[in-house]
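There are 2 protein chains.
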Amino acid sequence: MTEIMVDLEGEGKIPLYEKIYHHIRIEIVEGRIPRGEKLPSTRLLAGNLAVSRSTVEMAYDQLLAEGYIRAEPCRGFFVCDISGLYQTGGQMQRSPEEPEREKGRAGTDFSPYAVDTEHFPFAIWRKITANILADEREELLDAGDGQGEYGLRDAIAGYLHQARGVVCSASQIVLGAGNEYLEMLMVQLLGRGRTILMENPGYTQAYRTFCGAGWHVELFSAGEALSAEFPTVSAPAERGTVSAAASGGEEAGLIYVMPSHQFPLGTVMPFRERLRLLSWAAEKEERFLIEDDHDSEFRYRGKPVPSLQSADRHGKVIYLGTFSKSIAPSLRVSYMVLPPVLLERYHRKCGFYSVTVPVMQQKILHIFLREGHFERHLNRMRGIYRVKHDFLLGELKKRSWVGKISGDHAGLHLLVEVRTEMDERELCRRARAEGIIISGLSQYDLSRGCCEKTGGCAPQLLLGYGGLNETEMKRGLAILDYIVEEEQK
Amino acid sequence: MTEIMVDLEGEGKIPLYEKIYHHIRIEIVEGRIPRGEKLPSTRLLAGNLAVSRSTVEMAYDQLLAEGYIRAEPCRGFFVCDISGLYQTGGQMQRSPEEPEREKGRAGTDFSPYAVDTEHFPFAIWRKITANILADEREELLDAGDGQGEYGLRDAIAGYLHQARGVVCSASQIVLGAGNEYLEMLMVQLLGRGRTILMENPGYTQAYRTFCGAGWHVELFSAGEALSAEFPTVSAPAERGTVSAAASGGEEAGLIYVMPSHQFPLGTVMPFRERLRLLSWAAEKEERFLIEDDHDSEFRYRGKPVPSLQSADRHGKVIYLGTFSKSIAPSLRVSYMVLPPVLLERYHRKCGFYSVTVPVMQQKILHIFLREGHFERHLNRMRGIYRVKHDFLLGELKKRSWVGKISGDHAGLHLLVEVRTEMDERELCRRARAEGIIISGLSQYDLSRGCCEKTGGCAPQLLLGYGGLNETEMKRGLAILDYIVEEEQK
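Residue numbers (the numbering used here), protein chains in the order written: chain A, 39 to 527; chain B, 39 to 527.
Among the hints, erroneous ones may be present.
Quick list of the computed label-pair ranges, beta carbon to beta carbon [unchecked claim]:
{"#": "1", "chain 1": "A", "residue 1": "340", "chain 2": "B", "residue 2": "85", "range": "33 to 41 Å"}
{"#": "2", "chain 1": "A", "residue 1": "176", "chain 2": "B", "residue 2": "435", "range": "24 to 32 Å"}
{"#": "3", "chain 1": "B", "residue 1": "92", "chain 2": "A", "residue 2": "470", "range": "42 to 50 Å"}
{"#": "4", "chain 1": "B", "residue 1": "159", "chain 2": "A", "residue 2": "317", "range": "53 to 61 Å"}
{"#": "5", "chain 1": "A", "residue 1": "121", "chain 2": "B", "residue 2": "161", "range": "27 to 35 Å"}
{"#": "6", "chain 1": "A", "residue 1": "119", "chain 2": "B", "residue 2": "352", "range": "29 to 37 Å"}
{"#": "7", "chain 1": "B", "residue 1": "463", "chain 2": "A", "residue 2": "177", "range": "28 to 36 Å"}
{"#": "8", "chain 1": "B", "residue 1": "69", "chain 2": "A", "residue 2": "340", "range": "20 to 28 Å"}
{"#": "9", "chain 1": "A", "residue 1": "157", "chain 2": "B", "residue 2": "161", "range": "26 to 34 Å"}
{"#": "10", "chain 1": "B", "residue 1": "92", "chain 2": "A", "residue 2": "431", "range": "27 to 35 Å"}
{"#": "11", "chain 1": "B", "residue 1": "348", "chain 2": "A", "residue 2": "519", "range": "55 to 63 Å"}
{"#": "12", "chain 1": "B", "residue 1": "160", "chain 2": "A", "residue 2": "524", "range": "55 to 63 Å"}
By construction, these hints were calculated from the structure, which means they are not laboratory data.
Positions of the beta carbon are idealized from the N, C-alpha and C atoms, including for glycine.
Model the full structure from these sequences, guided by the hints.
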């Protein structure tokens, strides 16, 4: 029988039984107590270590449960053959050498996707999380509802009705880990090989997701979108638009729009045009509109613009929303609202998919909404973003190199024309070289041809302010001053 | 100026300033303090309520931040027009009436996907979560790495190497919210319109995901999988297999297998056959093998079967793993290991996708792995599942209606032949009517034709024991006894 001496001093926070367990486990793993060896009885070891017998029993129970030792009735405890056990300690402890990645931490990140991370109510989030982990326990491990927890979907339906005029029930809502995942589901739901019209410039991620998942994408110029001829589009060639894949000339039955706040232009679609879209969709059974309502929570002047879905009387709008802007992109929670006509098809074609949002995350978010924290957070953030918006706008207006500013009074970025001889790409390149993460309008040109072909358009920069404080904005603008003035010399 | 009386008694946990804030907010929302009305000065209200002035200031600050009041210099605080604010209280509070869903709570759920939720170390998980929410804060809201946090991927690489012999670096790992999402990415990565061979019976979810995302799926009988002719398959018609979509006869360049523990049969692929698969894949550039290593953590006899990837010398295996079995399906964390040859293509075609696992979840899991909790949990669960396995096996062997039992000594379910005149569907239907959630082998028949055509095969039931305790197993078996005996009368 082996003798066991455990150092029970130091590291006061670890319970005694854990120290004994750890010590014996290491001795077994490293071969100092060999396979088949008998351990001292709990009574003997407790006496040697001057701890209670139950402390030793707890340590032995742990070792038993994890397969390091076995109990033989009336004989005692013996060390097992541990060659089949997982002992990852060595590998797990290695400190990962993360490859250098562009992080923008050192400089200024004008990304239009960045959100304010300073004012998030972490204390509330932590409290909700702790309560859920204490109270719900096993429910958290159940696979849960494929569309998402009913309570959360119901709370989202309530929020959407109040804030966006969206008319829906919880049964129409499908949660997903981000817009792109839901867009992949839409392709499966509505069928691959279809043609969808998208505004250009627009969200490159949505464009690439649709292409990647199997839709032909045709583009039309945002703003000119609703010209008289658009709903009659039948073949890509006729309009000279760029098609993502060779299309057989199928009539576009789908249109993707951002009517309340177009990205990246920031325009709002007039009501009359919305009605035209809706009546176009109502003409044929398989026509649908996808409304991406990405950041309409943040509008700083006037009342919120109602959603397209709120005016839909024929069940033609698939509404797509996200918590990426209103809380944070890292949350990875988006949702789509399916019109009733698509629900049966969804259950048949996509009903077998598990929800992609962890159940714990859903429960936290549910309580965050239910208890009014989301509403308070939104109202507070709108004030904070408005101050940032006003500050950036004021700073820009002082500058002679700043031309037309658009997309103001809503969202989390401004679109700024720059008076310079540099082309947009060169301007962005120089900014990046100085540590400024910035994008130009042409990066959201889905056809990737606009400014390069026509030439001579002034650069237009997207200045996102969501993630920046005033000092950071000032520093970023000072560097842009420098770059533009250098060029003028 | 309005007079404000706040009840500061009761609900002792809420800070005073919160009570004042709440009271005034409700007064404004419900119109009792009208728009434009002046609020009392902080000094006056503090005096009236007998609280400190800073308490009132905090309440006013909150109201200011959320847009309920505005401050006018030298004049005081005035109530805003709140028609544009979010006030969701009413809707959010409604108690959702969740529609009745089949939950299996009342009866016995023999699902092969269920896991033990009783022994999960919630206390540790909660502690890690609380620490992260306290320490990391703003990092949790950053969008994070598109493939997943580097530290977690590195820890997974370490685990896979130690436990499964998988040879990979963190850069080859892509995290995703479940296997199905990663399978959709695989289709985009390797190209739609391709033909993939799958064993039958198999995972219906993987089958449906591949079909839905755009691959032609051909089936071959599991077990007969590696017959001499299989790698030369060229057109579906020749083999009489079922094709998921009309295929142009493209040669299958992809094979999906579960070599370490076939689902649902529970078989292990012999080493020689693995080598044949690998050398078949090595013959052509665009041939790849998808290894779904879904539950190989749990093997109760002998050493773990090494992964197919561990024997791959030509970079032909895409390894797919999940925490759904080893922790819980609700976690929604899976990962794929791409061979180096596919990495550049992944970055080009799929690099724009955001990771679908929330950053907080990733950080928790990273620490759970890094600090050895995962290893301990696995070793402990293996012991617990082994006891459940042995118990169920013992109970089954006592029963005359139980024929051949297969798939034992690994995973979380047994495959049990039932001696009865009933067909499988009828048996499962009757079990469901008695509250037993159970599935038969034919439900995993991807061609949906096998037993119905040939007729006369004895029912084979999948008895999952992961989520059941001994009492529940006994109760479930007693009901099965009753159903089978009723039929014999």
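A quick look at each hint next to the structure:
1. 340(A) - 85(B): 33 to 41 Å: 39 Å, holds
2. 176(A) - 435(B): 24 to 32 Å: 30 Å, holds
3. 92(B) - 470(A): 42 to 50 Å: 45 Å, holds
4. 159(B) - 317(A): 53 to 61 Å: 58 Å, holds
5. 121(A) - 161(B): 27 to 35 Å: Distance hint for residue 121(A), residue 161(B) holds at roughly 30 Å.
6. 119(A) - 352(B): 29 to 37 Å: Holds, since residue 119(A) and residue 352(B) (Cβ atoms, about 35 Å apart) stay within the stated range.
7. 463(B) - 177(A): 28 to 36 Å: 32 Å, holds
8. 69(B) - 340(A): 20 to 28 Å: 21 Å, holds
9. 157(A) - 161(B): 26 to 34 Å: Since residue 157(A) and residue 161(B) have Cβ atoms about 31 Å apart, the given range 26 to 34 Å holds.
10. 92(B) - 431(A): 27 to 35 Å: 33 Å, holds
11. 348(B) - 519(A): 55 to 63 Å: The hint (55 to 63 Å, Cβ to Cβ) holds, given that residue 348(B) and residue 519(A) are roughly 57 Å apart.
12. 160(B) - 524(A): 55 to 63 Å: 59 Å, holds
Hint violations for this structure: none, all hints satisfied.
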